[in-house]
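Note that our numbering gives residue 238 to position 235 of the sequence shown, counting from 1, and the numbers run on in steps of one.
None of these hints come from the bench; they were simulated from the model.
Incorrect hints may appear among the rest.
Across the chosen pairs, the derived CB separations fall in these ranges [unchecked claim]:
hint, residue 1, residue 2, range
1, Ser197, Ser137, 16 to 24 Å
2, Ala41, Thr194, 23 to 31 Å
3, Asp246, Ala134, 42 to 50 Å
4, Thr194, Gly56, 50 to 58 Å
5, Ala41, Asp164, 32 to 40 Å
6, Pro259, Arg232, 18 to 26 Å
7, Ser243, Asp69, 45 to 53 Å
8, Asp246, Glu168, 34 to 42 Å
9, Ala233, Thr89, 47 to 55 Å
10, Thr89, Arg263, 39 to 47 Å
11, Ser54, Arg156, 41 to 49 Å
Built from N, CA and C at the ideal position, the CB exists for glycine as well.
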Amino acid sequence: MRLPSFKSPYGRYNQVMLAFLIAASFLGDPTSALRESARPERDRALVRLHSLGAASAAAQIAPLFDDPIPVARSNACIAAADLRATALAPKVRAALDDADPDVRSACATAAGELRDRAAVAILKRLSEHDAASSVRLDALRALIELGDAASRRALARRLGDPVLETRRDAIALLALMPQPWATTTLVRALTDWSPDLRIAAARGLANRADARGVEFLVRAGPLADAAWRAKIEAALESLSVSDETRREIFARPISPGVARALDIR
Numbered sequence: 004m005r006l007p008s009f010k011s012p013y014g015r016y017n018q019v020m021l022a023f024l025i026a027a028s029f030l031g032d033p034t035s036a037l038r039e040s041a042r043p044e045r046d047r048a049l050v051r052l053h054s055l056g057a058a059s060a061a062a063q064i065a066p067l068f069d070d071p072i073p074v075a076r077s078n079a080c081i082a083a084a085d086l087r088a089t090a091l092a093p094k095v096r097a098a099l100d101d102a103d104p105d106v107r108s109a110c111a112t113a114a115g116e117l118r119d120r121a122a123v124a125i126l127k128r129l130s131e132h133d134a135a136s137s138v139r140l141d142a143l144r145a146l147i148e149l150g151d152a153a154s155r156r157a158l159a160r161r162l163g164d165p166v167l168e169t170r171r172d173a174i175a176l177l178a179l180m181p182q183p184w185a186t187t188t189l190v191r192a193l194t195d196w197s198p199d200l201r202i203a204a205a206r207g208l209a210n211r212a213d214a215r216g217v218e219f220l221v222r223a224g225p226l227a228d229a230a231w232r233a234k235i236e237a238a239l240e241s242l243s244v245s246d247e248t249r250r251e252i253f254a255r256p257i258s259p260g261v262a263r264a265l266d267i268r
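Build out the structure end to end from the sequences listed, making use of the hints.
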């Protein structure tokens, strides 16, 4: 890439200085930025670590797992997963029992991305018993990524939990899962008794390009009370659903999954 020249008699000098400053931004200890909570700082550190090679990067990240600052320990897990540093899997596994829930969440996600099957037992414990819902959810997602069939069934069962927050978390996680079974399970969530969660399930389907999400929202609108209709309209607006699309939906036969959700025979 050709560097721009400043309008001065010292244009070439300024070019050299600009190149020096750009290079200097990649110098120094990249792990120092991993002790900061700012996302841009962390991302720059990850770019620098990638340039070091796997072994050198892992060696620099390892001490952060014992750092007294929680964000440093969280970022160590994030960096290990981002670099696919399988050599750090034992440290990620040990950090699953960290006192800070944000660290446990980050490490649960990292264990899944590193495909660390040795972490399955700890992840199962966290998914069932951790005090923080975010940790339970991230541990469950990691287990599913590791191919644990029981955890996949456990996620589906959460849609029938009497606690609304548990069902909301399950729908949020399903919306992130790319597998076809997650789509099928989200369609089931369209029957939730909470209007808010039915909308959340529909949005999850729409965001994964499943037409039943938008169809449900469009067809539910005329059947809803004023408060629910306003929420449906807000969701349709955020999804940029046009009037033409609405007319097309009403012109075609209703999908079976949507019919069940709307209790249309």
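Evaluated hints:
About 20 Å separates the C-beta atoms of Ser197 and Ser137, a value consistent with the hinted range of 16 to 24 Å. Range check, Ala41 to Thr194: Cβ separation about 42 Å, and the 23 to 31 Å hint is violated. Between Asp246 and Ala134, the C-beta spacing of about 47 Å keeps the proposed range 42 to 50 Å intact. Separation of Thr194 from Gly56 is about 51 Å and conforms to the stated range, judged on CB atoms against 50 to 58 Å.
Taken as a hint, the range 32 to 40 Å holds for the pair Ala41 and Asp164, whose Cβ atoms sit roughly 36 Å apart. Checked against the hint of 18 to 26 Å, the pair Pro259 and Arg232 passes, with Cβ atoms roughly 24 Å apart. In this structure, Ser243 and Asp69 meet the distance hint of 45 to 53 Å, their C-beta atoms being roughly 48 Å apart. For the hinted restraint 34 to 42 Å between Asp246 and Glu168, the CB-CB distance of approximately 35 Å keeps it satisfied.
Under the hint 47 to 55 Å, the C-beta atoms of Ala233 and Thr89, about 50 Å apart, fit the expected range. The given range of 39 to 47 Å is respected by Thr89 and Arg263, whose C-beta atoms sit roughly 44 Å from each other. Look at Ser54 against Arg156: about 43 Å separates their beta carbons, and that is inside 41 to 49 Å.
Comparing the model with each numbered hint stated earlier shows that hint 2 is the single one that does not hold.
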